[in-house]
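There are 2 protein chains.
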Amino acid sequence: MKDMNPNGLEAVHAYWQAANYLSAGQIFLKANPLLREPLQAEHIKPRLMGHWGTCPGLNLVWAHCNRLIRNTGMRLVFIAGPGHGAPAVLSCAYLDGSFTEHYPAVTEDAEGMRLLFRQFSSPGGMPSHVSPLTPGSLHEGGELGYCLSHAFGAVFDDPGLVAVCVIGDGEAETGPLEGSWKSIHFLHPQRDGAVLPILHMNGYKIASPTILGRYSNDELIKKFSGEGYAVRIVEGSDPEDVHGHMAAAMDEAYDRIISIKRSAGKEFNSHEAGWPLIILKTPKGWTGPETLSGKQVEGSFRSHQVPLEEVKHDDIELAALEKWLRSYEPEKLFDPAGKLTAPAASNIPPAALRMGNSPYANGGNNPQPLRLPETNRYRINAHPPGTRKASATKEVGKFLRDVFVENREHNNFRLFCPDEASSNKLDAVFEVTSRCSMLPVHGPDEHIGPEGRVFEVLSEHLCQGWLEGYLLTGKHGLFATYEAFAPITDSMLTQFAKWLKGCRDTP
Amino acid sequence: MKDMNPNGLEAVHAYWQAANYLSAGQIFLKANPLLREPLQAEHIKPRLMGHWGTCPGLNLVWAHCNRLIRNTGMRLVFIAGPGHGAPAVLSCAYLDGSFTEHYPAVTEDAEGMRLLFRQFSSPGGMPSHVSPLTPGSLHEGGELGYCLSHAFGAVFDDPGLVAVCVIGDGEAETGPLEGSWKSIHFLHPQRDGAVLPILHMNGYKIASPTILGRYSNDELIKKFSGEGYAVRIVEGSDPEDVHGHMAAAMDEAYDRIISIKRSAGKEFNSHEAGWPLIILKTPKGWTGPETLSGKQVEGSFRSHQVPLEEVKHDDIELAALEKWLRSYEPEKLFDPAGKLTAPAASNIPPAALRMGNSPYANGGNNPQPLRLPETNRYRINAHPPGTRKASATKEVGKFLRDVFVENREHNNFRLFCPDEASSNKLDAVFEVTSRCSMLPVHGPDEHIGPEGRVFEVLSEHLCQGWLEGYLLTGKHGLFATYEAFAPITDSMLTQFAKWLKGCRDTP
Numbered sequence: 020m021k022d023m024n025p026n027g028l029e030a031v032h033a034y035w036q037a038a039n040y041l042s043a044g045q046i047f048l049k050a051n052p053l054l055r056e057p058l059q060a061e062h063i064k065p066r067l068m069g070h071w072g073t074c075p076g077l078n079l080v081w082a083h084c085n086r087l088i089r090n091t092g093m094r095l096v097f098i099a100g101p102g103h104g105a106p107a108v109l110s111c112a113y114l115d116g117s118f119t120e121h122y123p124a125v126t127e128d129a130e131g132m133r134l135l136f137r138q139f140s141s142p143g144g145m146p147s148h149v150s151p152l153t154p155g156s157l158h159e160g161g162e163l164g165y166c167l168s169h170a171f172g173a174v175f176d177d178p179g180l181v182a183v184c185v186i187g188d189g190e191a192e193t194g195p196l197e198g199s200w201k202s203i204h205f206l207h208p209q210r211d212g213a214v215l216p217i218l219h220m221n222g223y224k225i226a227s228p229t230i231l232g233r234y235s236n237d238e239l240i241k242k243f244s245g246e247g248y249a250v251r252i253v254e255g256s257d258p259e260d261v262h263g264h265m266a267a268a269m270d271e272a273y274d275r276i277i278s279i280k281r282s283a284g285k286e287f288n289s290h291e292a293g294w295p296l297i298i299l300k301t302p303k304g305w306t307g308p309e310t311l312s313g314k315q316v317e318g319s320f321r322s323h324q325v326p327l328e329e330v331k332h333d334d335i336e337l338a339a340l341e342k343w344l345r346s347y348e349p350e351k352l353f354d355p356a357g358k359l360t361a362p363a364a365s366n367i368p369p370a371a372l373r374m375g376n377s378p379y380a381n382g383g384n385n386p387q388p389l390r391l392p393e394t395n396r397y398r399i400n401a402h403p404p405g406t407r408k409a410s411a412t413k414e415v416g417k418f419l420r421d422v423f424v425e426n427r428e429h430n431n432f433r434l435f436c437p438d439e440a441s442s443n444k445l446d447a448v449f450e451v452t453s454r455c456s457m458l459p460v461h462g463p464d465e466h467i468g469p470e471g472r473v474f475e476v477l478s479e480h481l482c483q484g485w486l487e488g489y490l491l492t493g494k495h496g497l498f499a500t501y502e503a504f505a506p507i508t509d510s511m512l513t514q515f516a517k518w519l520k521g522c523r524d525t526p
Numbered sequence: 020m021k022d023m024n025p026n027g028l029e030a031v032h033a034y035w036q037a038a039n040y041l042s043a044g045q046i047f048l049k050a051n052p053l054l055r056e057p058l059q060a061e062h063i064k065p066r067l068m069g070h071w072g073t074c075p076g077l078n079l080v081w082a083h084c085n086r087l088i089r090n091t092g093m094r095l096v097f098i099a100g101p102g103h104g105a106p107a108v109l110s111c112a113y114l115d116g117s118f119t120e121h122y123p124a125v126t127e128d129a130e131g132m133r134l135l136f137r138q139f140s141s142p143g144g145m146p147s148h149v150s151p152l153t154p155g156s157l158h159e160g161g162e163l164g165y166c167l168s169h170a171f172g173a174v175f176d177d178p179g180l181v182a183v184c185v186i187g188d189g190e191a192e193t194g195p196l197e198g199s200w201k202s203i204h205f206l207h208p209q210r211d212g213a214v215l216p217i218l219h220m221n222g223y224k225i226a227s228p229t230i231l232g233r234y235s236n237d238e239l240i241k242k243f244s245g246e247g248y249a250v251r252i253v254e255g256s257d258p259e260d261v262h263g264h265m266a267a268a269m270d271e272a273y274d275r276i277i278s279i280k281r282s283a284g285k286e287f288n289s290h291e292a293g294w295p296l297i298i299l300k301t302p303k304g305w306t307g308p309e310t311l312s313g314k315q316v317e318g319s320f321r322s323h324q325v326p327l328e329e330v331k332h333d334d335i336e337l338a339a340l341e342k343w344l345r346s347y348e349p350e351k352l353f354d355p356a357g358k359l360t361a362p363a364a365s366n367i368p369p370a371a372l373r374m375g376n377s378p379y380a381n382g383g384n385n386p387q388p389l390r391l392p393e394t395n396r397y398r399i400n401a402h403p404p405g406t407r408k409a410s411a412t413k414e415v416g417k418f419l420r421d422v423f424v425e426n427r428e429h430n431n432f433r434l435f436c437p438d439e440a441s442s443n444k445l446d447a448v449f450e451v452t453s454r455c456s457m458l459p460v461h462g463p464d465e466h467i468g469p470e471g472r473v474f475e476v477l478s479e480h481l482c483q484g485w486l487e488g489y490l491l492t493g494k495h496g497l498f499a500t501y502e503a504f505a506p507i508t509d510s511m512l513t514q515f516a517k518w519l520k521g522c523r524d525t526p
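From first to last, the protein sequence lines stand for chains F and L. Reminder that position 5 of the first sequence reads as 24 in this note's numbering, one-by-one numbering, no gaps. Reminder that position 203 of the second sequence reads as 222 in this note's numbering, one-by-one numbering, no gaps.
Derived from the structure by calculation, the hints contain no laboratory data. Each hint should be verified, as a subset may be incorrect.
Pulled a few chain F residues facing chain L out of the computed Cβ check, cut under 10 Å [as the list claims (entries may be wrong)]:
| # | residue |
| --- | --- |
| 1 | 198 |
| 2 | 199 |
| 3 | 223 |
| 4 | 231 |
| 5 | 239 |
| 6 | 249 |
| 7 | 251 |
| 8 | 252 |
| 9 | 254 |
| 10 | 319 |
| 11 | 464 |
| 12 | 479 |
| 13 | 510 |
Have a look at the derived ranges for each label pair, beta carbon to beta carbon [as the list claims (entries may be wrong)]:
| # | chain 1 | residue 1 | chain 2 | residue 2 | range |
| --- | --- | --- | --- | --- | --- |
| 14 | L | 524 | F | 459 | 41 to 51 Å |
| 15 | F | 462 | L | 65 | 33 to 43 Å |
| 16 | L | 57 | F | 390 | 52 to 62 Å |
| 17 | L | 412 | F | 384 | 39 to 49 Å |
| 18 | F | 503 | L | 412 | 48 to 58 Å |
| 19 | F | 90 | L | 309 | 34 to 44 Å |
With a straight-line cut-off of 30 Å between C-alpha atoms, the simulated DSS-like cross-links for lysine-lysine are [as the list claims (entries may be wrong)]:
| # | chain 1 | residue 1 | chain 2 | residue 2 |
| --- | --- | --- | --- | --- |
| 20 | F | 314 | L | 413 |
| 21 | F | 49 | L | 444 |
| 22 | L | 49 | F | 444 |
| 23 | F | 413 | L | 64 |
| 24 | F | 444 | L | 413 |
| 25 | F | 417 | L | 408 |
| 26 | L | 444 | F | 64 |
| 27 | F | 408 | L | 314 |
| 28 | F | 408 | L | 331 |
| 29 | F | 331 | L | 408 |
| 30 | L | 408 | F | 314 |
| 31 | F | 408 | L | 49 |
| 32 | L | 64 | L | 49 |
| 33 | F | 64 | L | 314 |
By construction, the Cβ of each residue, glycine as well, lies at the ideal position given by its N, Cα and C atoms.
Could you build the full structure based on these sequences and the hints that come with them?
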């Protein structure tokens, strides 16, 4: 693959291969991590867990992000929509050294690799889905639909940050995800960072094809350009081709982001800005076994989870697994001690910029505490009782107004609301800020503009998702909604609470 | 408006005007329903409730549906996404006589009209949102996002039925609604009916502009044609113009539906079929007060709810209300007794086809009970205990397989599932049916095709919404999902349970 060299693609490819190897290793192996011995049933885990299908795509994106970081010094945070692809995220974080920094027992050598494999999806080890224990993570991806809203929440008020958000074409079918594309119309080109959504279409869910997977490329471009995105499709199953196209797409996306942020002026219109969207079409379970018992595995739903389920008890499957794992040539990717070698190792970004170690995924970069005014100032004198009419939420509105003022310096407070701020009598906030919109403003509109810090969209899922991403990156906010409609997002809240609980136990 | 005559548009316009009059009347008046006397504060309700803004649009669509029914004999069911526009639905059902058939006390005369107004949003009367008490309704529209999935559920397995689904541009922002557009890819051109979605863009929500309202027409066309719709935009604020364009759009939609259903063959592709979508852009609160205290009301968020809130205590507002109500010329729309006159009356469809009396909105047209096999047939002999391995859900799969077989004759059973039928071990159903898809099928796919009765989409909201629409129109189904993800739709389920409870008390 010599002609990939000029763009640093040899290193990207090797990093990808190493990550794919480690992803498969986590799913299958409990011993013989570098395949120094012929593969035996005793090297295989007793119970096979994990999702292979999405891993090669996640690894590809991560490897290309590393290249972008190396070339540009850009600060990226990685959001894996397909959170069931945790083996990929763990592999990539292990390769860049951040995993070992978090978990020193898992060293960058053969014994560490064995531990990495062994502890995956084992009691006391790493869960099979992305969790707070996963280095560089802020998004679970168990209950699907929220990766894109989390990504936008993460970059709001962080002008130098770009969230790379991988969206599976399964998750893309959910209502909350479909409703998240419009987030660009709330993204301020200077005040906020940017999101690079990468819609990873491998064409299949657990057992059936994805819907978008059966749209033509023209139809996909229409759908997403109708939403305001500048769509670029990267498609293929030949690694060399895909690396070339993907690198060009990432470079173009970077240029777009920089250019939008530089040139956006008073007449900025989020629909015309051309925020980038990459659609990546690669086979599900790419580089894995092509067929099993005459049935297609790679490029089909059969690679979704564990593609060779009977490997511990079936010699044919065991041989297929060995062939698959050896196809990555681990002896070239890792040195005799088990440490990553060049060229893959040269795809590791500078230590401070590694995505596995992102401060944004760990409570934010230099988070500032929220200043709250004395609540006594909003007290209503109710004596003698029954003599005064007053509204509790009106007073809350004044309190929130002052929260905006007191934290103005840090730009780290927002109110998210499904168009109910006024009807909930929180109007006082509009004395000091307005509703946020990057779309054209018309005559009858009130309190609206690009600088607004009140986010009104008639989507409880989007409000809650933005808030979660915003909070996890060290900022402060409130989601205000009618009591009757609060249950719409209760399952989101449960997942978020679980995440917060997990954060407490994370080193 | 003489030149509207050739297309029956004079009658449509008069029906619309009458419905607008009655909608405003329900919100404001408790007496003097036909304005025979000068309007006085004492004629005004003590507490003003209801949402005016969406009513003129809903009335317009209903009036044009009546025209289509009269011209074609098509069976339509009306789904009001903006369920807070109940005054519109109630007005239209009152005008076509179906309201009086359901509630004989509310006669088609001045006294009946007074009662219609008086009981709206009063204890024991009609709720301010569409409810089971609303004639011709099967959709609440309180918690927003589900009108389109309900519409598709309603027409599944009802080949002669068309659901006209009005979607507000507020509701269009929700995740579940954004995720519902793809339903056309599950709609069988012969086995099922059709849905005519009418995206009613009046540009504003409660207090702020809608997001789609700030997309250009080109952008809207891209977005929705990318989804597979043949988009037609009807836009304006001159009634005569809009009536002409709307009638043409409805006729074209009808022709499209008929033509798709007639010509669809083996190579049918739902993305290329060109199912119609009408985007109707008219002012919010159209025909209502233009301004109040120098601020724009018509065509702005200020017409969302009650546009003249102080009318009972403010002479200027009272005069504005009288001017507004008299602008409809009620003395021409209704005869001295208070009954609807020609030409509006000639826009009433034949009795059996009136949307206010739709059997589809009342448990279905000739619903058939579900035949269930003896559960004993699926019993597993577990004696002696602990000696056999078996799976409960596998047996359920066999049971469901036989449910499909036993009800084949009536085509009235479906399984809805977020791509978990196989992983939930319900595979046995695929011995007798398959997954439904109207998109291209590829080599590795299994058990999938246009005739399938298993609906797999990775959207719990869509599964639940389809099921609700399917059940309410007299068919049978099941939504199977992992326990962990069931809470995603719990607020939907609550609203649905409330609806079912309401149905019990409905005459």
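Hints versus structure:
1. 198: Since the shortest Cβ distance to chain L is 3 Å, the answer is holds.
2. 199: holds, 7 Å
3. 223: Holds. Min distance 8 Å.
4. 231: Holds, about 9 Å.
5. 239: holds, 7 Å
6. 249: At 13 Å from the nearest chain L Cβ, residue 249 of chain F fails the 10 Å test, so the hint is violated.
7. 251: violated, 16 Å
8. 252: Hint violated; residue 252 of chain F Cβ to chain L Cβ min 13 Å, cut 10 Å.
9. 254: violated, 15 Å
10. 319: Holds: closest Cβ of chain L sits about 3 Å from residue 319 of chain F, inside 10 Å.
11. 464: holds, 6 Å
12. 479: holds, 8 Å
13. 510: Since chain L brings a Cβ to about 4 Å from residue 510 of chain F, closer than 10 Å, the hint holds.
14. L:524 - F:459: 41 to 51 Å: holds, 47 Å
15. F:462 - L:65: 33 to 43 Å: At 34 Å between Cβs, range holds.
16. L:57 - F:390: 52 to 62 Å: holds, 58 Å
17. L:412 - F:384: 39 to 49 Å: Holds, at about 47 Å.
18. F:503 - L:412: 48 to 58 Å: About 35 Å separates the Cβ atoms of residue 503 of chain F and residue 412 of chain L, which means 48 to 58 Å is violated.
19. F:90 - L:309: 34 to 44 Å: violated, 58 Å
20. F:314 - L:413: Judged against 30 Å, a Cα distance of about 23 Å means the pair holds.
21. F:49 - L:444: holds, 29 Å
22. L:49 - F:444: Distance ~29 Å between residue 49 of chain L and residue 444 of chain F Cα, so the pair holds.
23. F:413 - L:64: holds, 27 Å
24. F:444 - L:413: Distance of about 53 Å is beyond 30 Å: violated.
25. F:417 - L:408: Answer violated: residue 417 of chain F to residue 408 of chain L is near 64 Å, above 30 Å.
26. L:444 - F:64: Holds, because 24 Å separates the two Cα atoms, which is no more than 30 Å.
27. F:408 - L:314: The given pair, whose Cα atoms are some 28 Å apart, holds under the 30 Å limit.
28. F:408 - L:331: Measuring from Cα to Cα gives roughly 21 Å; hence the hint holds.
29. F:331 - L:408: Holds, at about 21 Å.
30. L:408 - F:314: Holds, at about 28 Å.
31. F:408 - L:49: holds, 28 Å
32. L:64 - L:49: holds, 5 Å
33. F:64 - L:314: violated, 71 Å
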